[in-house]
Amino acid sequence: MDGFGPVIGVGLVLLLVYIVLSVFRVIKEYERVVILQLGKFKSVRGPGFVIVIPVLEQAVKVDLREKFLDIPAQTAITKDNASINIDFLVYYRITDPSRAVLKVENVERASANIATTTLRAVIGDI
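What the sequence shown shows, in the working numbering, is residues 1463 to 1588, in sequence order.
No lab work stands behind these hints, which were simulated from the structure alone. A portion of the hints provided could be inaccurate.
Said to hold, decoys possible - Straight-line distance between alpha carbons at most 25 Å, and here's what the computed BS3-like set of lysine-lysine pairs gives:
1. K1502 to K1490
2. K1565 to K1504
3. K1541 to K1490
4. K1541 to K1523
5. K1565 to K1502
6. K1523 to K1490
7. K1565 to K1529
8. K1541 to K1565
9. K1565 to K1523
10. K1529 to K1490
11. K1504 to K1490
Said to hold, decoys possible - Have a look at the derived ranges for each label pair, beta carbon to beta carbon:
12. Q1536 to S1505: 36 to 42 Å
13. I1588 to K1565: 29 to 35 Å
14. I1481 to V1522: 19 to 25 Å
15. I1470 to S1505: 33 to 39 Å
16. D1525 to R1582: 27 to 33 Å
17. K1502 to F1530: 32 to 38 Å
18. Y1553 to L1518: 16 to 22 Å
19. K1541 to V1506: 43 to 49 Å
20. F1550 to V1517: 40 to 46 Å
21. R1571 to V1517: 26 to 32 Å
Nothing here was measured: the structure is a model prediction, and the numbers come from that model. Just so you know, even glycine gets a beta-carbon here, dropped at the ideal spot from N, CA and C.
Full structure from sequences and hints, please.
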C-alpha cells in the first residue's frame, strides 16, 4: 500500500498544475474573451492577464482583427434581365464581442450570407 503514495502525490500535483493553468489565461491585444457564468453573459475581458474560474465560467475567445471572405462567383440578374457573373471579397471586423458570441451562431457564415443577399439586391436595381 505504501508504494501507491508517491503515485497519488504525483497525480495530485499534476491535477493542481492543470487547474492552475486552466484558471489563468493571457489574451492578446487583438483578442477579447466573452465570459459566460453558468451559461449567462457576465463580461468581456482582455487584453492581458485574465482569470477564468473553472466549472463556473466559460471563456469564448473572439478575434477583433479585420478578416476577409472570398465569396464564390455569383450569378445575378439585372433589372433589364441581363445575367452578370460576379466574384467578390467581403472584409469584416467584429466590434462588439459579446454580440458576436450571443446573437450570431457563426459570424463568418452570417457575414457571407448578408453580403451575397445585399449584392443580389444591388445588382437587381442596376
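| task | Against the structure, test the hints numbered earlier, and report the numbers of the ones violated in rising order. | result | 3, 4, 8, 18
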